[in-house]
Each structure stands twice: as C-alpha cells, then as structure tokens.
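Protein chains in written order, with our numbering: chain A, 149 to 262; chain B, 80 to 479; chain C, 2 to 237.
Derived from the structure by calculation, the hints contain no laboratory data.
We put the beta carbon where it would ideally sit given N, CA and C, even for glycine.
Be careful, since some hints might not be right.
[Unchecked claim] If we take Cβ atoms under 8 Å as the criterion, some of the chain A residues that face chain C in the derived model are:
(1) 163
(2) 167
(3) 170
(4) 184
(5) 189
(6) 190
(7) 191
(8) 194
(9) 205
(10) 224
(11) 225
(12) 237
(13) 241
[To be verified] Using C-beta positions, here's what the derived DEER-type ranges look like:
(14) B:101 / C:208: 46 to 54 Å
(15) B:322 / C:167: 51 to 59 Å
(16) B:430 / A:230: 22 to 30 Å
(17) B:130 / A:230: 54 to 62 Å
(18) C:108 / B:162: 40 to 48 Å
(19) B:400 / C:28: 23 to 31 Å
(20) A:258 / B:155: 53 to 61 Å
(21) C:95 / B:394: 53 to 61 Å
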Amino acid sequence: MNIFTEPVGLSHFLVVGAVLFVCGIICMATKRNVLGVLMGIELVLNGANLNFVAFGSSVLRPPGTDGIGMDGQMIALFVIVLAAAEAAVALAIALSYYHAHATVDVDRGVELRG
Amino acid sequence: MAELLISISIPDWLAHTIAALVQCGLLLAIALCSAAVGIWLERKVSARIQDRLGPTRVGGKFGWLQPPADGLKLICKEDIIPAAADHILFRIAPYVCFCATFCVFLALPFANGWVAVELNAGAFFLLAVAGLEIFGVILGGYASGSKWSLYGAMREAAQVVSYEIPLGLCVVVVVILTGTMNLVEIGNQQAGWFFNWHIFHDPFTFVVFWVYVTCAVASSNRAPFDLPEAESELVAGFLTEYSGFRWVFFFMGEYASMFVVSGLGALLFLGGWNGPIPIASLLGLTPDGGDVFGWIGNLLGMCNFIAKAFAGMTFMIWLRWTLPRLRIDQVITTCLKYCVPIVSAMLAGVMLWSFFLPGGLILHVRSRYVAQPPSAVQSRAESSITAEGGCATRNTMDIR
Amino acid sequence: MDAINWHSCFFLLFAAIACGFAVAVVVVGDIVRMACCLVVSLAAVAGLFFLAEAEFLGAAQLMVYVGGTMVLLIFGVMLTARGPFVSMKTGGGQWVLAIVIGVALFAVLLQAATSTSAWNGPKANDQAAVPAANNSPLPQAGEGPGVRAVEGDSQDAAGQLGLGLLGVREDRLRRQDKPVLLGGMSGYLLVFEIISVHLVVVLVGAAYLARARRRGRNPESRSPLPDPRSPKPESP
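Model the full structure from these sequences, guided by the hints.
Here you go:
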C-alpha cells in the first residue's frame, strides 16, 4: 500500500511509539550519565504516551469501531504530569549525588555494594 | 487557494504545496515586517526620549529604510565562531530562537477567522510555543563557550521559567471569563464597544492586565528585565560571541516575540480586532452583509489588531528607555513575591465575580442603576450561553 | 494517481523526526547535544498528538515536556557537568547487550502493533472518515454530519478533559446508543486530587533534596556550589 495516499492507522502510531520506547530502553542501559538515564526514561514515557493517545483517537480507526475515547488523553495527561514531577525529583537527586560524589557517573555510586 | 490552482490544471500535490508555501510566506512576511518596524520604532522612540531625532535621511522621510540598511550592514559583517564553541549548537541556536517565535504566528489570529490554524487550545498552544524561544538562548549561551554567555543564558533560564507561571495564570483568568481557549472566540466575545473588552470586565481583570504587561515584558527579555544581555554587566550576555547573520536572527526573534506578546495582550484584554468603537459593525461591514463586506470588515479589524500590537510594542520601547535595569534578585522577587500572589488573588476574584455577577462591570452598573430595558441584559446573557464554553465555570453559569 | 493524503504525509514527517532524533539521543555522547535531540524528538511527538486530534495534549506536551522538563534538564546539565563538554564512554559489551535486548523488544512490539487487523486504520475508500486531501495538516472537524466515528469528539477536547477531571464524563453521556460505554462514568476526580497533592509533595521534596549543604558529609568531596542560594529545581 502507498503510505502517501492511504490514511494512517493505529498501527503506524504504535510502531513510532515502539521505536521511542526501545530507544529509551537502550539509552537507559548504555548511558553512564545520570541525566542521560533520565532522558531515556523520558523517551520511554513518551513512547507509552503516544500509544495511549493513538488508542484514544477516533480518526485512526475504521469508522464504527470504538476506541478508549477520552480515557486515552486523560491517562496521557497524567503521565505528562507525573513525568514532570519525576524529572524534578530525579534532578534533585542528581544534584545531591553530585554534591556527594563530585560526578554524575552512575557507575561510581558503589557504596552499597556488598 | 489550492482549489483555484487545481482548476487551472496544476497537479493536486503541487497545488497544495504551493498554497501552503504561499501561506507560510505570508506569515513569515508579517513576522519579519513586525521585526523591521519594531527596530525602526525603537530607533525613533529612543531618539525622541533622549531629545534627538533618530534616523532621518535613509530612504527619504523619517528614515524608513533604516532597518533594511541595518540588515545589510549586519549581513556584511564577518561571521565568527569561537574556537571554544560547540560548533553545531552554536550554529543552530539562532534558528531555534527564530523558529519558535515564528511558530507562534501559526496560531495568532489577526481578525475574525483570519488565522493560519484555528486551534481549540489556541491560547495554551501559543503560550507553550512562545516559551520555546529560550531554548535558542540557552543553547547559544552554552555553546559559545564563554563565561559571559553562560551567565546570560542561566539568568534567562531562571527568569523565563519563573515568569511563565504568572503569565500562564494571567491567560487562565481570561480563559475562565470566556470559557474557551480558542483565541478567535476570545476575540469575538469582546465585540462591540470598548467596555466589552476584558480589561474593563471587572476590577480584577484590570489588575491582571497590568500583571500581564509586566510578565510579557519580562518574558520577552526587554528592559527593565533584560538581564540576559545586560550590556553593562555581561558584555552582551548570551549574544557576546554572536555577530552578523546569526545575531540578526536572535534580534528578529526578540522583536517578533515582542509583537507576539503585545498581540496576545491585545487579543486577551484589549478586544483584539474589535475597536474601541465598533466602526465595522456600525457601517454594516459584517459577514451577514455579504462576503465582500465581511472581508472589508475583517481587513479593518486586522489593521485595528496590528495597531494595538504596535501600540504595545511602543509601550515596551518606552519602558526600556525610561526605567533602569533591575538586579537579578529583584527580577525574581518581582515575579515570585508580587506577580504570582497578585495574579492568584485576582484569579480567585474573577472566579467569584463571574459566579455572582456574570457579565461585565459596565453591564452590571447599567442594569442596576440606570433604567435599562431588560432586552440588553437578556441578549448578553444569551450570547454568553451560546458561546458554548467547555469550561466548568461557564457551565455552572449556564445552569444558573 | 490518487489524491495525496496530507494527514499521512505529515504523519510520516513527524514520525521520521521523532524516531530519527530518538536514535540520535542514544548515539550522541555529549549530554547537551543529547538534550537538544530529545527536545526535537519530543516536539515531533507533540506534532503526532496534534495529528491524532489531541490538541490540548499536544500543547501540554510542548509546555510541560519541551518547555519545563527540558529547561530542568539543561539546568541540571549546567550544574553537574564539570568540563565544558563532558562525555562518558560506555564499554562495547554493554552496547552489544543493550542493542540485542532492544532489537528483541522492538521485534515483539512490532509484531504486537501490526498483528491486530482492527488497528490497521481506515482505508482510503472511507474517504469521508478521514480528512484526506485537506490543505491543513490538522483534520478539519465537521466535514459533514455523522461522518466521524464519534462526531464532535475533538471539537472541545480541552473542555471534555476538564470536565472529566471534575468527575463528569461528557463524552460518555453522549453515547446513549452503546449502553456498554455508559459504565465507568465516575471520571477522574479522585486521581486529579491525588495528583495535585502529589505535585505539592514533589515540589517540597525536590526543594529539600536539592538544597545546598554547607558542610559536606564527605571530607574530600569538594562542594561545587558554595553559594547557599543554590538554584532549586522549579516546579514545572
């Protein structure tokens, strides 16, 4: 099918969401900087958010089928708010970590290792 | 427009692309013209305040060709990138700044229905995109690899993040009054005489307007809040390492954002395209009278709106050349200790007012003390119901 | 040739930007460049929200994520990076492991996303249901009465969201035809209250955590911020 003439569906959005999610996971796994890990988390949350919005959207479905309606946007809104709160706390922790270790490298925080 | 192009046998995709590009060009022209006129205005107003004449000779009368001449001079300057700079970020920062400001014009209505994209959440979108301008500034300040630039960028970040809170609350006040975030509808609800403007709606909105003015000046980095580029302390702040064409982009972004905040203020509080005197509707230039009349009325409205926006810009320039610069702690104090509490109190006041006394102050006084046929009150109430507010406050009012 | 579906074109554009810059976030080493790529990616996601008719959410994404969170991130970068352009290298083994896991996860998600036929979206012959050949990237509502699955769903999404937060599900009140959907009318009032309290707690907690300590607990740790008025993270 020709993507330029066919309308996009839910699957297209889900694929974009999956790409964002996986990029976030890889980012979280490979970055050693606290802030890099935080950015990975943001990407993961955005991938999930995109899925919620897509599930709630009525234009992306064949006519006559029901999505989750307004709930999708509502959940996505809560995710955005919680992500902002999480970022504030995480940044505060990062600052605190930097005060204690003089670095933001997560591999250096080994005090609790047995 | 696209239909017109299709009718002269241009392929469909090309027609739509051309139409989109033309509209983009139109908006870009408005953005650039507002910047150019702003620069000319700045020169003339500052000269008058300092008892000078300003540019008088470039282009004949009034020095009206001064902004293009300035631009030509700046483009001819050497483009310098410091060795310590992060090259990619240093290059893209001015464009980020300008693009963010330009995107605001997408949702800014100039007259009834004359808007590139009419969004239901227009006011919110506008605030959100206008806030992105600081990215260019922060990136530019960081990527310059200079202490002065970094100080300027950090001041900018602190200032803009703080001032977004009262600015957003000011917009929320108007949104609560109108029950919609659609900017076109907000403008249309102020149609008629000047006492329908939201600034005269009740005493609280009058105060909110002046808080909005303060926050708007601060959020577009104009004196007395121009800490990020305070030239007597920080060389030129985040602009220190920039020259030539990139500097022009920052500059145009600043003037375009001045136009945007003035325009938003005009739209939210000063009636938008609805003048102090409803000339267009008195002359019958409304869409009811036919397409041509509606178009002429809209054109008048657009002139009205742009005149208000430039009046706002003139006010900001006047402030800049009159008031001394604040210190950074005074800037933050102004925001957090004065603007936020005042606007929060006014928000509560507006809520109570619109709950107990729906309709404006003038309307209230009239209906109370002046013998008034009840039809006027009735029609106002009807119009507020048909305005179809989605907001909870509006719905409560409808039920009442 | 069929009429070009501009909705799809803009979807492709925004999706390419979002995915491309998300990959760039993973690949780029410099933390500030990462933040830039992340901003662009998140802004493109906001564009996708607009395409899915979630205007309010798109604006919220721009405001909170791109505006607020990213300013916080850049703040953090400025305060924690020691040299001008710090980068920390990751070992090759970790990269290989992460990419293997990532690819496997992506395969699973891709399979899940494309295998359900009802998710494949409207076809081009349902022209009325989608804003095909529309000049504006945003679907124009009201192409004709009744063509939408739920007419007027996007008309005032912000108002419906607000009412939903207050416990009134306006969108469900309209669906008298489907009794199944009338369930769950309670809305989100409780969640809204919990989130509000949560935000206040977070604000206080973040300010407490990030406060500058005059005396370091560790004698050899140098305090990078001797200024007692060290910037606290702002509430987004």
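Now for the hints, and whether the structure bears them out:
{"no.": "1", "hint": "163", "in the structure": "holds (5 Å)"}
{"no.": "2", "hint": "167", "in the structure": "holds (4 Å)"}
{"no.": "3", "hint": "170", "in the structure": "holds (4 Å)"}
{"no.": "4", "hint": "184", "in the structure": "holds (6 Å)"}
{"no.": "5", "hint": "189", "in the structure": "violated (11 Å)"}
{"no.": "6", "hint": "190", "in the structure": "holds (6 Å)"}
{"no.": "7", "hint": "191", "in the structure": "holds (6 Å)"}
{"no.": "8", "hint": "194", "in the structure": "holds (5 Å)"}
{"no.": "9", "hint": "205", "in the structure": "holds (4 Å)"}
{"no.": "10", "hint": "224", "in the structure": "holds (6 Å)"}
{"no.": "11", "hint": "225", "in the structure": "holds (6 Å)"}
{"no.": "12", "hint": "237", "in the structure": "holds (5 Å)"}
{"no.": "13", "hint": "241", "in the structure": "holds (6 Å)"}
{"no.": "14", "hint": "B:101 / C:208: 46 to 54 Å", "in the structure": "holds (51 Å)"}
{"no.": "15", "hint": "B:322 / C:167: 51 to 59 Å", "in the structure": "holds (54 Å)"}
{"no.": "16", "hint": "B:430 / A:230: 22 to 30 Å", "in the structure": "holds (27 Å)"}
{"no.": "17", "hint": "B:130 / A:230: 54 to 62 Å", "in the structure": "holds (57 Å)"}
{"no.": "18", "hint": "C:108 / B:162: 40 to 48 Å", "in the structure": "holds (46 Å)"}
{"no.": "19", "hint": "B:400 / C:28: 23 to 31 Å", "in the structure": "violated (49 Å)"}
{"no.": "20", "hint": "A:258 / B:155: 53 to 61 Å", "in the structure": "holds (58 Å)"}
{"no.": "21", "hint": "C:95 / B:394: 53 to 61 Å", "in the structure": "holds (57 Å)"}
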